[in-house]
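K.L.:
Starting from the given sequences, assemble the full structure and let the hints guide the process.
Residue numbers (the numbering used here), protein chains in the order written: chain L, 571 to 1152; chain P, 571 to 1152.
The list makes no distinction among identical chains, and a pair is therefore deemed to hold if it is satisfied within one copy or across any two copies.
The calculated lysine-lysine pairs, modelled on DSS-like cross-linking and capped at a C-alpha distance of 27 Å, are:
#, residue 1, residue 2
1, Lys1094, Lys1072
2, Lys1094, Lys740
3, Lys1065, Lys694
4, Lys1117, Lys1072
5, Lys668, Lys901
6, Lys1065, Lys1094
7, Lys668, Lys592
8, Lys1017, Lys1094
9, Lys1102, Lys694
10, Lys616, Lys1102
11, Lys1094, Lys1010
12, Lys592, Lys687
13, Lys616, Lys694
14, Lys911, Lys950
15, Lys923, Lys911
No wet-lab data here; the hints were simulated from the structure.
2 protein chains.
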Amino acid sequence: MSTLFLRTLREDPADAELPGHKLLVRAGYIRRAAPGIYTWLPLGMKVLAKVEGIVREEMERIGSQEVRFPALLPREPYDATGRWTEYGDNLFRLKDRKDADLLLGPTHEEMFCLAVKDMYSSYKDLPLSLFQMQNKYRDEARPRAGILRGREFIMKDAYSFDVDSTGLQKAYDGFREAYIRIFNRLGFEYVIVQADSGAMGGSASEEFLAVNENGEDTFVRDEHGYAANVEAVVVPQAAPVEVTAGSAHVEDTPDTPTIETLVNALNANHPRADGRSWTGADTLKNVIVMLHHPDGTREPLAIGLPGDREVDPKRLETQVAPAEVEAFEGKDFAAYPMLAKGYIGPGALGESKSSAIRYLLDPLVAEGSAWVTGADEHGKHVLDLVHGRDFTADGTIQAAELREGDLSPDGNGTLTLARGIEMGHIFQLGTKYAEALGLKVLDEQGKLVTVTMGSYGVGVTRAVGVVAEDNNDQAGLVWPREIAPADVHIVVASKDSAAFVKADEVVRELEARGVETIYDDRPKVSPGVKFKDAELIGVPTIVVVGKGLANGVIEIKDRRSGHRREVPVDHAVDEIAREVAR
Amino acid sequence: MSTLFLRTLREDPADAELPGHKLLVRAGYIRRAAPGIYTWLPLGMKVLAKVEGIVREEMERIGSQEVRFPALLPREPYDATGRWTEYGDNLFRLKDRKDADLLLGPTHEEMFCLAVKDMYSSYKDLPLSLFQMQNKYRDEARPRAGILRGREFIMKDAYSFDVDSTGLQKAYDGFREAYIRIFNRLGFEYVIVQADSGAMGGSASEEFLAVNENGEDTFVRDEHGYAANVEAVVVPQAAPVEVTAGSAHVEDTPDTPTIETLVNALNANHPRADGRSWTGADTLKNVIVMLHHPDGTREPLAIGLPGDREVDPKRLETQVAPAEVEAFEGKDFAAYPMLAKGYIGPGALGESKSSAIRYLLDPLVAEGSAWVTGADEHGKHVLDLVHGRDFTADGTIQAAELREGDLSPDGNGTLTLARGIEMGHIFQLGTKYAEALGLKVLDEQGKLVTVTMGSYGVGVTRAVGVVAEDNNDQAGLVWPREIAPADVHIVVASKDSAAFVKADEVVRELEARGVETIYDDRPKVSPGVKFKDAELIGVPTIVVVGKGLANGVIEIKDRRSGHRREVPVDHAVDEIAREVAR
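P.N.:
Below you can see the structure in the form of structure tokens.
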């Protein structure tokens, strides 16, 4: 500690919100270099190397071979698959001195596909599984929570190559098992959820989400074992209902541009015949957003959903990708005078209607159901407007928020919601990339077949962040032993030179046995400061060589439980080694 | 080998010139992804990891601490030191989605300096030594020889921080020793030469050059131990000589725009009084180049040197850096009508002359010496033009080529020339960066002093390339044991299943003893192809399990010497392990 490049901080960094992020900065593991771009300090490097080691070990265990593709890549392969454009603003693009287009790799499907195409030609060469671990780049709009969502980050990406879908399934299952082993070893709570395969194309895909209330992802679970990222949930279309409403009628509803004001006005001025109160669930809310396509064009989209639900931005983004979602603003309303803001209804929406805006309905809107919705005139709503009788839309969209208590997609369970952080993602890509780039091999019959691929990612730097979020207390970080920056943190809590001599000896003996130590040998720092630093840094075992020495004992403290015990100084090394090996 | 991601090539790759580069591609260690940008295949990753391991071990041995700064960096610190501009076209620059300027780090002096500034404040915190190993980026005009000069490459860069120059010298000496250990372990011939500190600023600096006839660097040595990169050689100014020439006189020398034609014409039409022949050494050649400054401006420069020498482009570039050297072309001559191409003389050159072009003389041009040189008129030269009497220049420049047999700078030795590849560079940067970025600490007297820095680099991926250039033969690569992709390459040279069973057993036992193996278990590949592949891949020990098995023996071959011996199959594992441990 007297020479370690480290200065612990007593104050939280201004730009950090999550506890783990604050502690990683305060304890000197990482430092911010630019928004979303971090430097790894010596303690951080130790943890990172251990996480990389675990990932590498588990990849090699399933026979995946390590390679390393460049981070700086030529444009052409990404043009061939469309990702040069589809990635939009998330892709870092640059030009070299000869004006050639380059990019910083976000993932490497294209490059792996081309390398295999170049080297392999027969079904006998397959199956093949390759992985790499290196810096990836994404120009995130909102870099977040330090290393949880950075713009430069280390990812382990892997790819499998098989001649048919049976082979792909086997590779996928192998990676799934390997990921379970990796995340079990890393030491945080996670769930495996069905995932949307998004911009990657392909079919089956699952995510490993760290369960964390500060996570950006929301997932659902039911009591029968179903679990899915909300982006991947397909809410079934509500079954048609018998029409019971009378004919639709427009009513004056002045000053009711929101669902809340509308419901209040309905209950005050338009009581129902059966005496029930109106609620937001009786209203049909029509939300308009602007889609920004990767080619630069913009196009509005209208979404009709029950008034008691909001549009879930991530579910919507998933549905419209690679387009990005922007707000439909004042100037946009000016371009569509038929839209009465706050009173928009199906009368103006739809490709065949006056606005010509594509109009999609939430699947909860059953055919035959009656709604209160905008009458496309300021201060007016239409009541008893029946879906299928009085209006139709251009299709449906999975964009409404899901709620605690909603039915599972199979109709047999009840959903609960929780939040998570994506730590791993396994995809059955299928032939999308192989087709775009012409990766074919000869099969047993001598016929050319397109290779089928899987793609498998682990956020390596992110894993360090998640472990920190999941393993801390008021005093600091509490590392799981397998990835701690050291096994033991030895504090000399005395000014007596005998304590230093004894501690030197203990450190030497431990290192000789292969036990990694952090040794707080700072001569002029008070024991209190040293204890605080040890708790902050979070090595699992803390050893105190101090006043107990007079009685022939030193103290061993378990960082996680706080349990302390004194051991005779003569057995100290053995006792510590035993503690470390547990 | 039946599953390894590898296809050896019988043909040399079209874009490779050097033997090591050809073999690294043919043997499946690396693959070109774009000009100057390479992919590392599984065999290459093994070698790379071992080289990285050696470098890390030797850095940690001298107490340097590993960190990792981002590769994607903000512009501001590089503006503060001027390198954003000075790096010119060699720097990869890009913009993020918010239009902020970013760069891909070529080296990280600025970032390290700022981190230390932020964390340290006292002389008690020093000395400090930090290193990192990661991708660096330079947009080379001429990427070359595969991984020897790439645009994305792995470099180990390290920085030392001291309170005074005594501390810096100690740090520098420590790195020097560590580098000697690293390069001795890597297994190629190298020399330590005085170096120019170039764009990095600072004072003392040495390079570790791999001795290689295909190298881009030229260095000189003398018989007394002096060694320097030609860029760093300072040729002493020739002592003044007594003027013996008569007065200068212009002569008609039609059609003599080159030194050769001029010398011939002089000998034919203007014989010397003393009967000696004219040679190129009697003529003063004036070369004009165009300097391209980082700020985009262009400026001509004239260099006067003995006609029997050429301007050395690298020595010139070093002198004019950060400006780049371009040709002075036809359109440039048009802008300077006073320059008679092929007959340019000191009469038109110099800041006070008609051209106003800055004119610098080679230090071999002694005051008092007489020359034949251009008379600034087509077809005319001036004879007996005496330096100091008839013309002067604006200064001197170290730009002429050095020659075998030239005097050493100290005048006591004779130079020999050789070529090399820069593998390591150690610099005493001094306070240049610390001053630009305000890195100061309080000294023992409580006074703020600027920290003095050293900077130390090793080309890690380049080292793999150099070892390959230095260790190969007609049949393929010949790896030094410490960085070979495996210890033993086991070939089954038989279709007999007993041979496979025995080889499986040998491989299993070797692996259990920690011996790394490549196992050629391909069932349908002929022994000849397997032998060829083994020689090409270049693992130091090759074991053949084949027809000898009938007589109870297997063959052990030393890849480098070609020496073969048969050992009883029962002792094979012991014998191989002994061979590997040598």
